[in-house]
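Peer 1: The chain contents come next:
There are 2 protein chains.
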Amino acid sequence: MGETHELSQEEWQTLRTQLAGLHLVRILSENAMAKSAVLLLSKSPLSIPSGSPEEFISQIECAEAGCLSLLIVEKTPFSPEDFGRIITLPSMETTTPIAVNDIYARLLSHMSSACKLSYIHPATTTHIRKHIPAPFVKVTETPAMYAERVLPYINSLPASRTLWITKIIAREAEANDILGYFDATSPTASDGFILVPDSKWDRVTLANLYLLVLAANSDLKSLRDLRGHHIPFLNRVKNEVEALVKRMYGIEATSLRLYCHYQPSYYHFHIHVVNAQTEPTGGMAAGQAHLLEDMINNLELDPEYYSKKTITYYLAGQHDLFSVLK
Amino acid sequence: MGETHELSQEEWQTLRTQLAGLHLVRILSENAMAKSAVLLLSKSPLSIPSGSPEEFISQIECAEAGCLSLLIVEKTPFSPEDFGRIITLPSMETTTPIAVNDIYARLLSHMSSACKLSYIHPATTTHIRKHIPAPFVKVTETPAMYAERVLPYINSLPASRTLWITKIIAREAEANDILGYFDATSPTASDGFILVPDSKWDRVTLANLYLLVLAANSDLKSLRDLRGHHIPFLNRVKNEVEALVKRMYGIEATSLRLYCHYQPSYYHFHIHVVNAQTEPTGGMAAGQAHLLEDMINNLELDPEYYSKKTITYYLAGQHDLFSVLK
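Protein sequences appear in the order of chains U and W.
Okay, so the first sequence: first residue is 1 according to the numbering used here, each after it adds one.
Okay, so the second sequence: first residue is 1 according to the numbering used here, each after it adds one.
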């Protein structure tokens, strides 16, 4: 993928010409909460195949690969200028009442909204598949399933997937971003870690603070590997991160949410650090997120807790793990 | 509160007159994800007090109580008619390019959006306080804290709060809504429960399926009370609910999320049953939601697990429990 750049007037005219006269093939997904949608478009009218997403994609692939586009559209949040307009809405002619109940009145109105558009052209079947919502499927993973199926899967993953972490820890990669290096407390201890800003954080908005703890010990793959002897490491992470966040950002320990994912997206043990005021999303759900405090206390109650526990989680239907779990 | 009704033309004209010429006092909250905001309005211009929400409310209370209104505004999801308009946006004159990168182009455009408005007048300080976002605060509840502070708090709550459940279970209340009565399996067993649709569910949209399991045994207040001897009850809930949902709604067991809250909003043990495809929100977050499968397995590993566990959770800052926890 090339560099992101601004368009020249000429490039923009060319793109605008391409964009004219697009046809809607199918609404791939809609998010009523976020007020967003993903549309599949084609240059020429296309008879719309019905059927399941997979059948649909295979038909599309044969018939029309190469002339398809995706358009992702999302309404924007209200801007400061919008608020002046909003207070005039209730009395406008185009506003209609829906219902009234005592001191409450519900009205429907209209206003101009900015929309963010992302246009992908040409859209391959990989792009299209990525934008079809995959159903979540519950997995109840016993320790035996972990040993016989999940662990071999983890071991089969190429080391290149976590090379970026290995390089950061070895201080070989660009390290301007590191918020804190916490070396092991002794040559035999494996309680070192580093703290970095998560790539999803803009590094400015404290309400969305999002940091990442990366364990220095690369033998520690996930929650499943935690044992009683990791308690000092986990307590150290908790205490040092809480102190650093308080010092750097003024956020209290009681306003932080520290958790790991199981299954994680990569198998080098890491802990997410977010502002507890952030509206929880899928990644914080029970069945994916495990609070640091719970890890510590579960190991205190039983040092072998995570080797005995049946762990229940939800995976998107197309997750690679299903190839070994089914 | 009275009945909800539609407005007559005359009532609407009166309301519209009231609504004209409102002044913005303060933006109480904004939700960038949901594209919504809560505005505090006044009939006449008001010098805007600064300071913390609490200081601000106390000033407002003295100065202007009675002439304030709240306006809650939220952009609506895209409608079917919107999609035809959206595909013409990229080529419109008012659309501007933001950036381009290989096959990706990001654009900004504008379109008319429907907005839902809720108008509350007069808005009391209670209404206003309810719409100021309360910060979430982490609580790490040891078994001792539970015994000494939380349990007395639970026991002090009036029985009237859970009377509606008691009546449903005793079959005294209107019971058209009950999806299933599951009586205790023997006179000495306390494994009975009933299944009802949650009031937040429209009872139609399967993607948002939301049911509620109410334990027949009213001695069971919350997760904290669960012991090894409750395993048969919990397994029965799991098996019966999964079978009923499959039969009535065609949804597979692997597509369900069953969990309880700790702290719950009322202390009569109940389990939430939702479609796993529902986008997780705050109520499903780790630190509030506990999966039924985890309850069962934790009790299998240690029948006294929930009497020993330090439970970490997040409470809104104004929660009643803080009066006993602080």
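You may find that some hints are simply not true.
Identical copies look the same in the list; a pair holds intra-copy or inter-copy alike.
[What the hints assert, rightly or not] When the alpha-carbon atoms are kept at most 25 angstroms apart in a straight line, the in silico BS3-like pairs for lysine-lysine are as follows:
hint: 1; residue 1: Lys238; residue 2: Lys43
hint: 2; residue 1: Lys326; residue 2: Lys238
hint: 3; residue 1: Lys221; residue 2: Lys116
hint: 4; residue 1: Lys246; residue 2: Lys138
hint: 5; residue 1: Lys116; residue 2: Lys246
hint: 6; residue 1: Lys138; residue 2: Lys238
hint: 7; residue 1: Lys238; residue 2: Lys221
hint: 8; residue 1: Lys43; residue 2: Lys326
hint: 9; residue 1: Lys246; residue 2: Lys326
hint: 10; residue 1: Lys200; residue 2: Lys167
hint: 11; residue 1: Lys308; residue 2: Lys116
hint: 12; residue 1: Lys167; residue 2: Lys116
hint: 13; residue 1: Lys200; residue 2: Lys43
Don't read these hints as lab results, they were simulated from the structure.
Quick caveat: nothing in here was measured; it's all calculated off a predicted structure.
Peer 1: For each hint given before, does the structure comply? Return the numbers of the non-compliant ones in rising order.
Peer 2: Going through the list in order, the structure violates hints 1, 3, 5, 8, 11, 12 and 13 and respects the others.
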